[in-house]
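Participant: Here's the letter readout for the chains.
There are 2 protein chains.
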Amino acid sequence: MDNFVFPELKQRTVEDEITSRLRNAIIGGNFAPGSHLNETEVAKQMNVSRIPIREAIKKLEQEGLLVRHTNRRVFVVSFSAHDVKEVFSMRANLECMAFEWALPNMGVDDFVALQDLIAQQKNAIASEDYENLAGLDMQFHEFIVSKAKHSRLLKSWYEQHAQSQMLLNVRFRKMSDYTPETVVRDHIQILEAIKRSDIDAAKLLTLQISERVALECCQTLGEFLGTSEPEGGR
Amino acid sequence: MDNFVFPELKQRTVEDEITSRLRNAIIGGNFAPGSHLNETEVAKQMNVSRIPIREAIKKLEQEGLLVRHTNRRVFVVSFSAHDVKEVFSMRANLECMAFEWALPNMGVDDFVALQDLIAQQKNAIASEDYENLAGLDMQFHEFIVSKAKHSRLLKSWYEQHAQSQMLLNVRFRKMSDYTPETVVRDHIQILEAIKRSDIDAAKLLTLQISERVALECCQTLGEFLGTSEPEGGR
DNA sequence: TTATTGTATACTGTATACAGTATACAATAA
DNA sequence: TTATTGTATACTGTATACAGTATACAATAA
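Protein chains in written order, with the numbering used here: chain A, 1 to 234; chain B, 235 to 468.
I should point out that these hints are in silico values taken from the structure, not numbers from a laboratory. For each residue, glycine too, the CB sits at the ideal point set by N, CA and C. Hints should not be assumed to be uniformly reliable.
No farther apart than 30 Å at their CA atoms in a straight line, the calculated lysine-lysine pairs in the BS3-like style are these [what the hints assert, rightly or not]:
{"hint": "1", "chain 1": "A", "residue 1": "LYS203", "chain 2": "B", "residue 2": "LYS389"}
{"hint": "2", "chain 1": "B", "residue 1": "LYS429", "chain 2": "B", "residue 2": "LYS389"}
{"hint": "3", "chain 1": "A", "residue 1": "LYS149", "chain 2": "B", "residue 2": "LYS389"}
Partner residues are not named here, just some residues of chain B that face chain A (Cβ under 8 Å, in silico) [said to hold, decoys possible]:
{"hint": "4", "residue": "GLN245"}
{"hint": "5", "residue": "LYS292"}
{"hint": "6", "residue": "SER390"}
Given the sequences, and given the hints that come with them, work out the whole structure.
Facilitator: As structure tokens, then:
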């Protein structure tokens, strides 16, 4: 077969496809927190049986995006003020741990890559492409956490990130006082700390930013936040 | 109906039952890491259909105890030396965060409860009841993490704990140099730090202990550790 | 009226059936 | 013999069917 080799075919099951569609819809804020999901209905819409839907739901339940009560419906998570604190504190804690693991693995190339992400963020702000900005925001942090080469850390971080992203998207849909410039400022500061290999500074910044964002989230979402239990629960 | 009230009936689905059975079997070291699971066979043994088995597997996959490759079999996780490092470092990091959240919630009653657990551990050691000791060891840490009142922290901790427990059980089955006395000593030191509200000391102890145990685990398991990928993967 | 009970309907949980893929091994050709 | 291809079998992925539970609302009695 000569020298040419085909790249491995990564099989995507129906379940995988459903999982990402549902996940994106939830994170993107297309379902209101606390709203319920009808397996049969979703299956009908996607023209598949309920089994792969159920498996996708099980996965997203474990990721903390859906809540199921036996024999009752499936609900999109809703956040209490305490939940917001949980999500952002976990995320910040995991990112702090990531600095410890990642910094020894990072070099000039990585600093450049991060710098580039910040530049793209500026462009996104300039062209008021806020959806893109959210993605770039994520990529900045994801880049660092990935560099930690710590699969369990990364997995847990993704879960918290998905929830925080969902909160920010809901907020973005409801509010208009969004100040995207702070994103760039925060990232520049973190990158500076990383370049100096100043782990403590990077951690401190992360914790401070996290607390600020959590607070903003709670304040602006205000009455929109539910209690810990989803509305449909008993 | 007078004053008498029935406690709520918590319904346990077939899937729930299967999940705990499988989880216990895996954590307990009844399946060798890297061994594979046959859905049909498990279904036959438990005399249920494959659907609830599949849902249980999906859950345990998310918990990091099972690994599935599309259209190939399901494998019990196997740990590389790096995986061992990951598990214990995550667990330690989460426990450190737990101190921050838990200590403000803890009072004399809690110190007494922890003291009592340590006493029970001494008894277990005296009567060489090591299975019980493992449970009591867990309860000590679980108690503290629970006091943090942080559901996401607790969930992630449980996942790491399950994997560390699995490692320790495999080790215990293979090795004979187990020195249970250190468990008691470690716990006494942590409890002392907690009583003094000395979070930094508690954190330091946790990180040190974690690193020591991870190292011991790697050394004693030695050749028994696999690579990151389960044996059957391609 | 209002609280309680009965009944239909919608939805979830599980079993069964079957299609699609991987694996093991036999058959074939060099 | 050894490498390659064909074929049977085992196992996973998904659809369909049905039983069990929750929910909504009508019927009934006070």
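Participant: Against which earlier hints does the structure fall short, listed by number upward?
Facilitator: none
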